[in-house]
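K.L.:
Take a look at the letters that make up each chain.
Protein chains: 2
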Amino acid sequence: MRFSEYFLPTLRDVPKEAEIVSHRYMLRAGLVQQTSAGIYAWLPMGYKVLRKIEQIVREEQDKSGAQEVLMPTIQSADLWKKSGRYDDYGQEMLRIQDRHEREMLFGPTNEEMITEIFATHVKSYRDLPKNLYHIQWKFRDEIRPRFGVMRGREFLMKDAYSFDLTKEDAKYAYQKMFLAYLRTYKRMGLKAIPMAADTGPIGGDLSHEFIILADTGESEVFAHKDWLEKDITGQGIQYSDREGLNAYYEELTSIYAATDDKHDPSAIDASNLVTARGIEVGHIFYFGTKYSEPMNARVQDSNGDMVTVHMGSYGVGVSRLIGAIIEASHDSEGIIWPEEVAPFKIGLINLKVDDAGCREACEKIYADCQEQGIEVLYDDRDERAGTKFKDMDLIGLPWQMTIGPKGLEKGVAEVKNRKTGEKSEVSIEAAMTKLAA
Amino acid sequence: MRFSEYFLPTLRDVPKEAEIVSHRYMLRAGLVQQTSAGIYAWLPMGYKVLRKIEQIVREEQDKSGAQEVLMPTIQSADLWKKSGRYDDYGQEMLRIQDRHEREMLFGPTNEEMITEIFATHVKSYRDLPKNLYHIQWKFRDEIRPRFGVMRGREFLMKDAYSFDLTKEDAKYAYQKMFLAYLRTYKRMGLKAIPMAADTGPIGGDLSHEFIILADTGESEVFAHKDWLEKDITGQGIQYSDREGLNAYYEELTSIYAATDDKHDPSAIDASNLVTARGIEVGHIFYFGTKYSEPMNARVQDSNGDMVTVHMGSYGVGVSRLIGAIIEASHDSEGIIWPEEVAPFKIGLINLKVDDAGCREACEKIYADCQEQGIEVLYDDRDERAGTKFKDMDLIGLPWQMTIGPKGLEKGVAEVKNRKTGEKSEVSIEAAMTKLAA
Numbered sequence: 000m001r002f003s004e005y006f007l008p009t010l011r012d013v014p015k016e017a018e019i020v021s022h023r024y025m026l027r028a029g030l031v032q033q034t035s036a037g038i039y040a041w042l043p044m045g046y047k048v049l050r051k052i053e054q055i056v057r058e059e060q061d062k063s064g065a066q067e068v069l070m071p072t073i074q075s076a077d078l079w080k081k082s083g084r085y086d087d088y089g090q091e092m093l094r095i096q097d098r099h100e101r102e103m104l105f106g107p108t109n110e111e112m113i114t115e116i117f118a119t120h121v122k123s124y125r126d127l128p129k130n131l132y133h134i135q136w137k138f139r140d141e142i143r144p145r146f147g148v149m150r151g152r153e154f155l156m157k158d159a160y161s162f163d164l165t166k167e168d169a170k171y172a173y174q175k176m177f178l179a180y181l182r183t184y185k186r187m188g189l190k191a192i193p194m195a196a197d198t199g200p201i202g203g204d205l206s207h208e209f210i211i212l213a214d215t216g217e218s219e220v221f222a223h224k225d226w227l228e229k230d231i232t233g234q235g236i237q238y239s240d241r242e243g244l245n246a247y248y249e250e251l252t253s254i255y256a257a258t259d260d261k262h263d264p265s266a267i268d269a270s271n272l273v274t275a276r277g278i279e280v281g282h283i284f285y286f287g288t289k290y291s292e293p294m295n296a297r298v299q300d301s302n303g304d305m306v307t308v309h310m311g312s313y314g315v316g317v318s319r320l321i322g323a324i325i326e327a328s329h330d331s332e333g334i335i336w337p338e339e340v341a342p343f344k345i346g347l348i349n350l351k352v353d354d355a356g357c358r359e360a361c362e363k364i365y366a367d368c369q370e371q372g373i374e375v376l377y378d379d380r381d382e383r384a385g386t387k388f389k390d391m392d393l394i395g396l397p398w399q400m401t402i403g404p405k406g407l408e409k410g411v412a413e414v415k416n417r418k419t420g421e422k423s424e425v426s427i428e429a430a431m432t433k434l435a436a
Numbered sequence: 000m001r002f003s004e005y006f007l008p009t010l011r012d013v014p015k016e017a018e019i020v021s022h023r024y025m026l027r028a029g030l031v032q033q034t035s036a037g038i039y040a041w042l043p044m045g046y047k048v049l050r051k052i053e054q055i056v057r058e059e060q061d062k063s064g065a066q067e068v069l070m071p072t073i074q075s076a077d078l079w080k081k082s083g084r085y086d087d088y089g090q091e092m093l094r095i096q097d098r099h100e101r102e103m104l105f106g107p108t109n110e111e112m113i114t115e116i117f118a119t120h121v122k123s124y125r126d127l128p129k130n131l132y133h134i135q136w137k138f139r140d141e142i143r144p145r146f147g148v149m150r151g152r153e154f155l156m157k158d159a160y161s162f163d164l165t166k167e168d169a170k171y172a173y174q175k176m177f178l179a180y181l182r183t184y185k186r187m188g189l190k191a192i193p194m195a196a197d198t199g200p201i202g203g204d205l206s207h208e209f210i211i212l213a214d215t216g217e218s219e220v221f222a223h224k225d226w227l228e229k230d231i232t233g234q235g236i237q238y239s240d241r242e243g244l245n246a247y248y249e250e251l252t253s254i255y256a257a258t259d260d261k262h263d264p265s266a267i268d269a270s271n272l273v274t275a276r277g278i279e280v281g282h283i284f285y286f287g288t289k290y291s292e293p294m295n296a297r298v299q300d301s302n303g304d305m306v307t308v309h310m311g312s313y314g315v316g317v318s319r320l321i322g323a324i325i326e327a328s329h330d331s332e333g334i335i336w337p338e339e340v341a342p343f344k345i346g347l348i349n350l351k352v353d354d355a356g357c358r359e360a361c362e363k364i365y366a367d368c369q370e371q372g373i374e375v376l377y378d379d380r381d382e383r384a385g386t387k388f389k390d391m392d393l394i395g396l397p398w399q400m401t402i403g404p405k406g407l408e409k410g411v412a413e414v415k416n417r418k419t420g421e422k423s424e425v426s427i428e429a430a431m432t433k434l435a436a
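Heads up: the sequence lines are chains A and B, in that order. Under numbering that gives the first Met the number 0, think of the first position of the first sequence as 0, with each following residue one higher. Under numbering that gives the first Met the number 0, think of the first position of the second sequence as 0, with each following residue one higher.
Note that these hints are calculated values from the structure, not bench results. Hints are supplied without guarantee of correctness; some may be wrong.
It does not matter which identical chain is used: a pair holds within one copy or between any two.
[What the hints assert, rightly or not] In silico DMTMM-like cross-links for lysine to aspartate or glutamate, where the CA-CA straight-line distance does not exceed 20 angstroms:
1. Lys62 - Glu4
2. Lys422 - Asp126
3. Lys51 - Glu67
4. Lys409 - Asp354
5. Lys47 - Glu58
6. Lys166 - Asp353
7. Lys122 - Glu370
8. Lys51 - Asp61
9. Lys62 - Asp392
10. Lys363 - Asp126
11. Lys81 - Glu228
12. Lys122 - Asp12
13. Lys51 - Glu382
14. Lys344 - Asp260
15. Lys389 - Glu217
16. Lys51 - Asp259
17. Lys433 - Glu102
18. Lys62 - Glu362
19. Lys47 - Glu413
20. Lys422 - Asp97
21. Lys261 - Glu332
22. Lys344 - Glu67
23. Lys122 - Glu382
24. Lys415 - Glu428
25. Lys81 - Asp168
26. Lys229 - Asp126
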């Protein structure tokens, strides 16, 4: 993409409504624009990142055996009356009347609807287990939306729902998601620590929050220092390996980790304790028959008896993750994207666009990148070098490659690693080889 | 995917609420499920098709130079008061009050919002042209939703918006979309005929509908017989070739084609006229400054004067297209998916799952397909052969490959082309080579 043609409105000034760093950088880097309180439009570069995050979430769900569906945003209130949550949900639920004065709502979550869909079609234990997920926009009418996409009103969530014949099977489904989540975050360059959590309005008796550590996190968390070093993505474990998965789960959940409200200082030796700020990026629940009972989701077991299915639900805050990634990975100049979610791998800076040699060299690099499938943003604007460097640091692409008349005389480009700040002068060929790797 | 594990609830009976064939087959093939009047959940196989269609639309928009954004579903009423459409829109607009009693709405289209986003950031002619699109769920509160996803209330639309300095540039933007649309439909196995249309509530003075022909189409259309034979995808024309594009556009739009309300029998010789039923699958508009004027979207031109930008908007009914494709491509047994949008390329039928040889052969084919990236649905269910054949015809995958004990003795599989019905007995190896092509 050429910067001169891209709809990428970077801002010099710090927007005054933005209280936290991810919000400031998302506005300044032209990723999003607020259209109403707590509601955002995603501009091209922001949407590109969001889609990459969404795709990682999708791939890891698929690998775990979950199947993707898409439920609509607008739901009938009747569903929620059946489960008993219609009144409980309070003012956070966006309630709507349609033209026929039917009570509708913008879904804040989908336990009721997926249970009804399941119950319509699945009648036999032979069709179990099932885990159905969707990645859809939700609405929660927060009284005071803030922190940009971290606590917006309209937000993108991946929510999965598992259906099993027994509690034991449901626990296996839960453990699969537990592993899938840790692998998902890892691929985004994040380390999320699972912490036993309260189940809140979803209900049930088993729940974990996934928390990433960031100095600017919203809450205080407590964890054993082992979490920091350990690889926690269960390398080599197959989802089909029920025993191996269980052993992995038992091992991880025996290591201390707790949110503020669950912390018990007597449960861990102070010398092993790490106290930090955390951001919640996922939440999983096992809640048994809480929804299947009222929604009448029952299947015939192998004896011909009708059994109410056991369920769990599993959420990842997809749009929130962008904010969380920036909170965890930035410096004073801007965002530092982990490579897997970066909107482009390389920022190509032409220092002198009115110089024929610079133009020619850049055009060749640009064409080569496209041919090799390397995503590149080419700053071909007629702007001062300082502006280009500042913009490129702000938007945080992993690599910068700068072409100027002096370097060209020597046949070299300057290559900078955004994260380490390391710069080197190398031949254009060597730079291409390095960046194609 | 294994059928036994897939959430693919096929139905024997014809759902009585379904009036048209695409709706019947979408329900029977387990693609969608209605959750409220005119609102559907997409089940795994239906969503797989929807995402393929969406991806084709996206790729063709990108090729034309449009840039993808995502605007939220919930909009502020204030925007629509600015443009004057808030009162015009009537009961089809789903109006909402949030907890602070602010007037909101579920967007039926996005002219206002995108114009405001544009106007916030773009101030100079140097940043033009721009074409921004998004693929997002819309809501229109139809008084009588019907025909399944063909006229649902919550539906997925691709809508693009172009911004140009002059009317001439806007026409160029319009012609790019005109070509992109014909290429989009072609890739889905459809031939859409562009027909001059009324602009309706969007406004403006230039508009085309894109209509595909299907016996079950919603309206009568009239076209020169040349349309039927002609390749209309402007082969070889680059979007950057303004003159070539214009000549192509002028040529195509000189060939007679008209919807019912625009038809003029005196304008075409009866011997050249084809009368048919049609389904609208896209609609494009040039409307000049209708929105940019009230929303104050102005840029500085090269003389330093402020100029109101010229706009167009361009819609493709993404979810509607699934219905339209089925209307255009089915038989008495079920759907016939064009290969580019088929949920799987091959349906692999194991005739005797309790036969070790059949199981082994099928598992090998299944593994080979996955290794080669060929999408396959493996019917490994313990069901009668008749049920499997019926289901496979109903869901309409392009190829069926059947493995039974008798064939295996001879070392052959039966390969059937769903569209032509042609069957052949070939060695499994030959079948794989043929289907991998």
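K.L.:
Which earlier hints turn out false for this structure, listed by number in ascending order?
P.N.:
2, 6, 7, 9, 10, 11, 13, 14, 15, 16, 17, 19, 20, 21, 25 and 26
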